[in-house]
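Given these sequences and hints, build the entire structure.
Here's the letter readout for the chains.
Protein chains: 2
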Amino acid sequence: MSGSVVIAGLGPGAEALVTPEVRAALDAATDVVGYIPYVRRIAPRAGLTLHESDNRVEVDRARHALTLAEGGARVVVVSSGDPGVFAMASAVFEAVEHGAPAWRDLDLRVLPGITAMLAAAARAGAPLGHDFCAINLSDNLKPWTLIERRLRLAAEADFAMAFYNPRSASRPEGFTRTLEILRECCEPGRVMIFARAVSTPEEEIRVVSLAEATPEMADMRTMVIVGSSATRLIPRSGAPLVYTPRSAPA
Amino acid sequence: MSGSVVIAGLGPGAEALVTPEVRAALDAATDVVGYIPYVRRIAPRAGLTLHESDNRVEVDRARHALTLAEGGARVVVVSSGDPGVFAMASAVFEAVEHGAPAWRDLDLRVLPGITAMLAAAARAGAPLGHDFCAINLSDNLKPWTLIERRLRLAAEADFAMAFYNPRSASRPEGFTRTLEILRECCEPGRVMIFARAVSTPEEEIRVVSLAEATPEMADMRTMVIVGSSATRLIPRSGAPLVYTPRSAPA
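Those sequence lines, one after another, are chains A and B. Start counting the first sequence at 1; every next residue gets the next number (this note's numbering). Start counting the second sequence at 1001; every next residue gets the next number (this note's numbering).
In short, the hints are calculated from the structure, not lab data. Treat the hints with care, since some could be wrong.
What the simulated footprint calls covered on chain B by chain A, stretch by stretch (three residues with Cβ under 8 angstroms from a Cβ of chain A suffice, anywhere in the stretch; the number is not a length) [what the hints assert, rightly or not]:
1. 1018-1024
2. 1078-1084
3. 1093-1104
4. 1114-1127
5. 1135-1142
6. 1145-1152
7. 1230-1243
Note that the coordinates shown come from a computational prediction; the quantities given were computed from them, not determined experimentally. Each residue gets a CB set at the ideal place from its N, CA and C atoms; glycine is no exception.
Have a look at this one:
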C-alpha cells in the first residue's frame, strides 16, 4: 500500500504563513481534497487533481481522501489554520476509526499550521501570553448547554479565551448569549479583540471593552479573543497594544 | 525613528516549520536577540549581530532589543514555538509598558509560529480537535494555588489540556502534584501524550493512560497533552492514533 493522506494546515490566509513542510507536501501531492475556498488557494499543475467539496461534509470528504490513498494516491487534505484545531484532522480520524481496517495502516500524517487564534493574537499584541482556552462556539456538533458550561468555567478559571466560529447567519443567537454570559462573569472593562480575515487583504482588527462589544462585531470569518482579568492595554498613537503579562500575583 | 522590533516564532525546532514570513524578517534583520539555544539556530552572516542571553532574563533581553531599535536597528527577537504563547512577546510588551515612552511608537510586530502544542498534537493525531486549554505549569511567575485551581476547573469543563514547562530539575514536585490532581478529577483511562523535543532528531512521543503516567515521563523539553473524556485511541500496527471527536453528545 503506497498511498498516503497528509492533513495539512494552510494557515489563516497569507502565503507567507504556509510552512515549508506544507509547501513540500503540496508539491509532492497527486490529489488535493478540501473545502472549496481552501482548495482554491492551491495553484493547479500537471499531475495534480483538485477535489473541492462543500462545507459540512467533512467525514464524506475524509472518506474520499482515504479511498484515493487506498488506491495509491498521495493525497493532501487541506485545512485553513491548523488542521488539528476545529478542522479536518479529527474528521479524517473519525473516518479511519469507523472505516475500512486497511485505512489504519495507510501513511497518515498531520502537518501543523498557524491557527487563527495565534495569527489574531499576534496582530493585537500578546493577549494569549498566559494560560488560555480555545472554544468552538458553533453548536452544530455539540449542545449549547456544554458551550455555556465551558464559558462559565473558563471565566471562573480566569483563562483568556479564543472563540472559533463565533457567529453565523444561521445561528446568530449563540454569540449574543455568549456576550450575556461574559457580562455576568467578567467586569465591563474586560478587553476583547475582534480579528476578522487575519492576514488577508480584508483584515480588520478591533479592540473594545466587553461593555462596548456587540454581536454584529463577529461573523464566521472573525476570531474573537477575550482577555483574562490581567490583560492590559498599552495606549499609543494608532491601535493600542494588548497583552497578558507572564506573571500572576499571589 | 526607523528602528523596529519583530518578535518572531521559530516553531518547535525543524527548519521546515519556520514560516516564510519569519524567514524574511530574519533575512532583513541587523540584530537578533534571544535565549542562547534559539539564537544558535540562526546562521551568522555579514551585517547581522547575534545577541545571546541566558534564561530567566526575558525583560532585560526585551529592553536590550528595544534600545537597539531606538538607535535605528532592525531587531528580531527570536522565540521557540509561537512568541505569543508563554514566550517573548509578553516580555517585550511588559518592557514597553514600563519603559521609555518613545518605545511605544517603534515599529513593533509579532510574527506567529508553530507552537509546541500544535506540533505535538499533530504527531499524535488530533487530540486538540475539540475545545481545549493551555496551561503553563511553571510556578516561577505565578502561585501554585492558581495553577491547581485552573487544573481543577479545566477538568470540570472537560477541556483537553496542553501543559507547557511541565517539569524542571529545580521544581520536580509540581508535575507530581499535577498528576495527583488529574487522578482526583479524571478517570484512570484518560489519554495522555508525552511529546519530547518534537520535530527534532531527539523527538519521542509516548501515549499512555493517566493511570500509567509517571512524573519522570516529563522534563522541560516535553509537551504534555491530556485528552478530554471524549478523546479516543485508534489501535493499529505501530503507535495508536489519538483524536478528540468534533462532536459532543447532548
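Hints and how they fare:
Residue count for the segment 1018-1024 of chain B with a Cβ under 8 angstroms from a Cβ of chain A: 5. That meets the three needed, and the coverage hint holds. Residue count for the segment 1078-1084 of chain B with a Cβ under 8 angstroms from a Cβ of chain A: 3. That meets the three needed, and the coverage hint holds. Evaluation of the coverage hint for the segment 1093-1104 of chain B: fulfilled, as 5 residues show C-beta separations to chain A shorter than 8 angstroms, against a requirement of three. With 10 residues bearing a CB less than 8 angstroms from a CB of chain A, the segment 1114-1127 of chain B meets the requirement of three and the coverage assertion stands.
A count of 4 residues in the segment 1135-1142 of chain B with a Cβ less than 8 angstroms from any Cβ of chain A is obtained; the coverage claim is therefore met, three being the minimum. Look at the segment 1145-1152 of chain B against chain A: 4 of its residues bring a Cβ nearer than 8 angstroms to a Cβ of that chain, three or more, so the hint holds. Note: the segment 1230-1243 of chain B has 7 residues with beta-carbon separation from chain A under 8 angstroms; the three-residue rule is met and the coverage holds.
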